[in-house]
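A.B. asks: Build out the structure end to end from the sequences listed, making use of the hints.
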Amino acid sequence: MKPSKQSTAAGLNDDIGEAKRLALYRSQVRLRDAEQRAFDLFLQNLVKGTSHLSLGQEAIAAGFAEAMEKGDLSFCTYRGHAHTLARGVSVEKVLGELMQRDNGLMRGKGGSMHLTSEEHGVMGCYAIIGAHLPIACGAAWRAQYKGHKDVSVAFFGDGTTNIGAFHEALNFAAVWKLPVVFVCENNLYMEYTPIGDVTAVPQPAADRASAYGLERILIDGNDADIVYRTAQKAFAKARAGEGPSLIECLTYRHSGHSRADPAKYRPEGELEKWKEHDPVKLYRERLKQFGVKEDVIAKIESDIRREVDEATEACKAAPLPPAEILTTDVYADGGWAWRN
Amino acid sequence: MKPSKQSTAAGLNDDIGEAKRLALYRSQVRLRDAEQRAFDLFLQNLVKGTSHLSLGQEAIAAGFAEAMEKGDLSFCTYRGHAHTLARGVSVEKVLGELMQRDNGLMRGKGGSMHLTSEEHGVMGCYAIIGAHLPIACGAAWRAQYKGHKDVSVAFFGDGTTNIGAFHEALNFAAVWKLPVVFVCENNLYMEYTPIGDVTAVPQPAADRASAYGLERILIDGNDADIVYRTAQKAFAKARAGEGPSLIECLTYRHSGHSRADPAKYRPEGELEKWKEHDPVKLYRERLKQFGVKEDVIAKIESDIRREVDEATEACKAAPLPPAEILTTDVYADGGWAWRN
Amino acid sequence: MAELTYRDAVARGIAQEMTRDPDVVFLGEDVAKAGGVFKATVGLYEQFGPLRVRDTPISEQAILGAAMGAAMTGLKPIAEIMFSDFIAVCFDYIANEFPKSRYMSNGQTKCPLVVRTGNGAGSRFGAQHSQSVENWCMMIPGLKVVAPSSPVDVIGLLAAAVRDPDPVIFFEHKSLYATKGEVPDGEIVDRLGTAKILRPGKDATIIALALMVPRALEAADILHREHGIDAEVVDVRSLVPLDTQTILNSVGRTHRLFTVEENPRLCGWGAEIVSIVADEAFYDLDGPPVRITTPHIPLPANDFLEDMVLPTVNRIVETVKRSLGS
Amino acid sequence: MAELTYRDAVARGIAQEMTRDPDVVFLGEDVAKAGGVFKATVGLYEQFGPLRVRDTPISEQAILGAAMGAAMTGLKPIAEIMFSDFIAVCFDYIANEFPKSRYMSNGQTKCPLVVRTGNGAGSRFGAQHSQSVENWCMMIPGLKVVAPSSPVDVIGLLAAAVRDPDPVIFFEHKSLYATKGEVPDGEIVDRLGTAKILRPGKDATIIALALMVPRALEAADILHREHGIDAEVVDVRSLVPLDTQTILNSVGRTHRLFTVEENPRLCGWGAEIVSIVADEAFYDLDGPPVRITTPHIPLPANDFLEDMVLPTVNRIVETVKRSLGS
Ligand SMILES: Cc1ncc(C[n+]2csc(CCOP(=O)(O)OP(=O)(O)O)c2C)c(N)n1
Ligand SMILES: Cc1ncc(C[n+]2csc(CCOP(=O)(O)OP(=O)(O)O)c2C)c(N)n1
Ligand SMILES: [Mg+2]
Ligand SMILES: [Mg+2]
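Protein chains in written order, with our numbering: chain A, 27 to 366; chain B, 27 to 366; chain C, 3 to 328; chain D, 3 to 328.
Do not take every clue at face value.
Below, in silico cross-link-like pairs of lysine-lysine (DSSO-like), each with a Cα-Cα straight-line distance of 27 Å or less [said to hold, decoys possible]: (1) K290/B / K323/D; (2) K112/C / K203/B; (3) K203/A / K112/D.
FYI, nobody ran anything at the bench for these hints, they're computed from the structure.
C.D. replies: Shown next as structure tokens:
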């Protein structure tokens, strides 16, 4: 768990290490490109239903996922593409689900808001605000009860801090000292309303940590290194049996809330300001500071491009799901029979 | 609103004044005797259903009610007899409801957990934990919207601070700057479980005030003077348009949670310790310190005794409600027709 | 007379009532400055100002609780719950508070409020954003429950709901927002508890609600044109109060009953209507009453699966045809 | 064989399953050290210890959410919701999370849990603590819903529920806790989805659930003794899965159907059963199917009013007698 300290070309103290750092960049570029592609496909009318992009918020998904070990569990929201991809789910399976094809992660049955890949530790994306925070507590309770060492992580937005389930989950986790980490991605808005207009404290999560006996943690969510280090600390605490953490990550979404939203409610210049603090751009510069060569970076980028392109083609070619799946898997016997 | 300062026989600085002080005592004795009688009637099998006594917690109900003006609104829990009486509802109507007679406050339709007397500002007792906190916000919103000067007050227990509605109401009230006062009566237990076993912070309400941008207020809830002064301050703030307050009052219930509960879960000596800090006893001594004569006190006590005795007789003699009321007042037209 | 979308009818209905009565106030998530996520309340904030049209936190319990407290004390709030599925997070107010306070208080407590909510499938939003949950409310004593199928009914029934002294849950169908209809000028006020016969017929009664109404009408046309079956189509509009007389009279004439329900089958409103008709008009029935419903499963996101699962025009036609043995 | 109360059967059923499977855990408010407010779980904390039997804060959403997360990842939780009315404060888990996760995930997510809850009237607790809310759950696709009427069924169906791989909502009737019945020694495991004919008869089928079962049986006795009507009494036991075959077969023999429901009328389980029978066994019916329900009103606290409002033995007798024209 202890990060190895390495010296770099620039002489910077590198507690993270080049391998991890490249992985963090790779992951962020992958999330960025895959979601950019999702947006393009939406413009081509190939993405059905709704979809909620994390463009601009990639450092959080990448930083936490890179700090997780196999077996750690992610519980996400409708804005869950990035977290799902970051745990290693293929771009094809995610885009396939957005396009509601048979090759999608859930063969089109769940849709973009409910990405789930238990084999990757993605325990579902939840579309009712706050619902998954108590659910993550339950998974953590299982780990505690069984003596497993995995951590459950719940990701959610700033707006989610105002719903009752947030409060119940935080108190419950603290009282039972559960190995669960609550990650608030504060992107300044609920759907279209600024979080400050509807919240009693300036920092919706951090300013409430003390209400659950927890440390106040507020970080730059656009810096993957900071996110990664913070995640590591919280996971170590959880694995040591010292209970939950609540982490507020400051960030910004570049696009609207969902595909229907042109985000006209933003004050002028806000997006531009945040784009200067773009996590992918920032991290590319970071790599260079640490002496990573341009061709290494370019190779990562082109590899990702290829993965996303291939995934896109595979999805376009993929069939629709067969009609039979309409009534499968309502119950554990595979069917839907509510009567004899 | 400014308390008049008077000098007393003992030379104490009396910011409350004798009239108010006698009223505070009178109210506490009345709540005590009425509820003691409710308990006796329960032992005689004359109280039906459940009932939740506030024996030991009278200073809170009395202190707040004495600080309220006509038009201020109380929203209470199933443990609401004391608050209802304190707003001036007759003992007969309350006991009548507990006995589910036709002379009861709601003619037996609501029962002991739902006492309501809108003409006295008792806007209902609510039996689902936390439900009335948002409702009180709504009443306060009406006052704000209409420019009325009344304050809405929600009373609830320590255990209630862990349910989602508490969190939503507090945030909502703070954001909208509503003239509402949240009063947590911390009697150390939810039903049978000590509050400390299930709460992440030592003071379930006070330690959470900051999560809503509010001042931390923790007071001795067994001292009616302290309660009264705290209430006055919070009401003044609300009326001035400066928003909500959250007040945690430390207290203890002398009896079990409800009539079914012998309260065996208490550690030995706890009840005895708190009985030494009995609000009625304490306040009787306070009166004497302020030079009130024993015969004045005795007269108050015997007047109350008479009211309670007469109420008891009236209730015993009261008929059951007529069967017709079974289907009245489901809808505003007075009836229950869901079809033509 | 003008053509109006169902979506715009919502804003017009609210505006009509807010203009009439200064005690009508409106709150919900993103409803004010942004005009609502379905754009059904655009312009109200500008017209009525920030004190009457208010954005809230994501706190559905606070929204409904606050609406109730305001209603109890003199306002006539309209509260929006963005998607009807979210009624599940504030169901205590729907099930235990709104509908019981008047009764428990022996008539003291009033609760004149309206909860508007986007109901139903068709947007490929998946299982947690597409449900038809009107039966979640119909089954609770003390509520009134309304679900209009056309722009003019949106205005008229919304006005009736706002003026009604009881709590009304008002289901707007998301897949109808873009549909259009003729709407007369001036004030429109309808009556709760009244079903409408939209197409008279003599061979069968088809009862439908919301999005199922245009489908039932289309099915009736096909049944008539292609199969010589003359079906009467009743838009039930108001589940509570329920206009049982119109239904029973219709069945008395046609002798056959079909319900078309978008909700999953078990305990849907159609079951209630069938049980009333089977009890009170048993001897009028010439054959089994049949319910056409969404099967009892969660809703899939995929568009063609979603289209399969809801009652279709074709399923209505086939079911009626087969049942009538033609 | 021993006589056991329905209350003690709950603890015995839980203990049986906790002994069998270390993954069975139990949580709820005041359930552990205090043994539950209905004293239905006394002794479990002592027997299974503080890691398996846990007291929670007053946080129903956390209770059900935690149960779900634990169930998804390998435990078999039993969660108590003290009074079934409180399902309204955690209804999102019941309506949107438990029942949809497996479907939405295309079969990946499992949810083997049991929610036990005290249901029903008779304790004079008033409108917010006395409801029969089994239809709140029956109407949700993806749940299973059980409501036993006797101690032996409590144990057997609870065991079946715990062993079932799907989410089961288990309704215990508060007014049955004190009732007694013979219970065999040793392990008892029943099957969900099976109704029981408790009294065979040939003149009418009376279908009842939970507290209404003993009333239906008593009514059948009176009908037989005093009116020569031989009624078959079916304890439906499991609303989902629903044993429609037993019901349809019974009606096929008796030709008349009565349901006895404690829930308020609209959209009760009886409506669903009537709609199934009216559709699939219409020509078996010799007369209208009749529902005997609590009227569609909130529940009064007063004892004699509460006794009036629930279906009584007398109301069942009179309704069946009148309908059969005797
Ligand atoms: C209970 C509930 N209420 C409302 C919504 C509608 N809704 C979906 S996303 C959203 C905003 C959430 O904001 P935040 O938590 O900040 O997350 P973000 O979308 O910014 O990532 C809202 C209100 C919902 N899905 N569930
Ligand atoms: C939502 C909900 N959950 C549980 C209960 C059952 N219940 C009634 S009173 C109570 C304890 C409340 O404790 P507290 O808030 O401290 O108030 P107190 O009774 O001590 O005055 C509980 C759990 C309820 N009425 N509503
Ligand atoms: Mg946000
Ligand atoms: Mg308490």
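A.B. asks: A separate judgement is required for each hint: does it hold in the structure or not?
C.D. replies: The hints, checked one at a time:
1. Among the hinted pairs, K290/B with K323/D is inconsistent with the structure: their alpha-carbon atoms are about 51 Å apart, more than 27 Å.
2. Annotation: proposed proximity of K112/C to K203/B holds, straight-line Cα distance about 25 Å (limit 27 Å).
3. Our distance criterion of 27 Å between C-alpha atoms is met by K203/A and K112/D, whose separation comes to about 25 Å.
The earlier numbered hint that this structure contradicts is number 1, and it is the only one.
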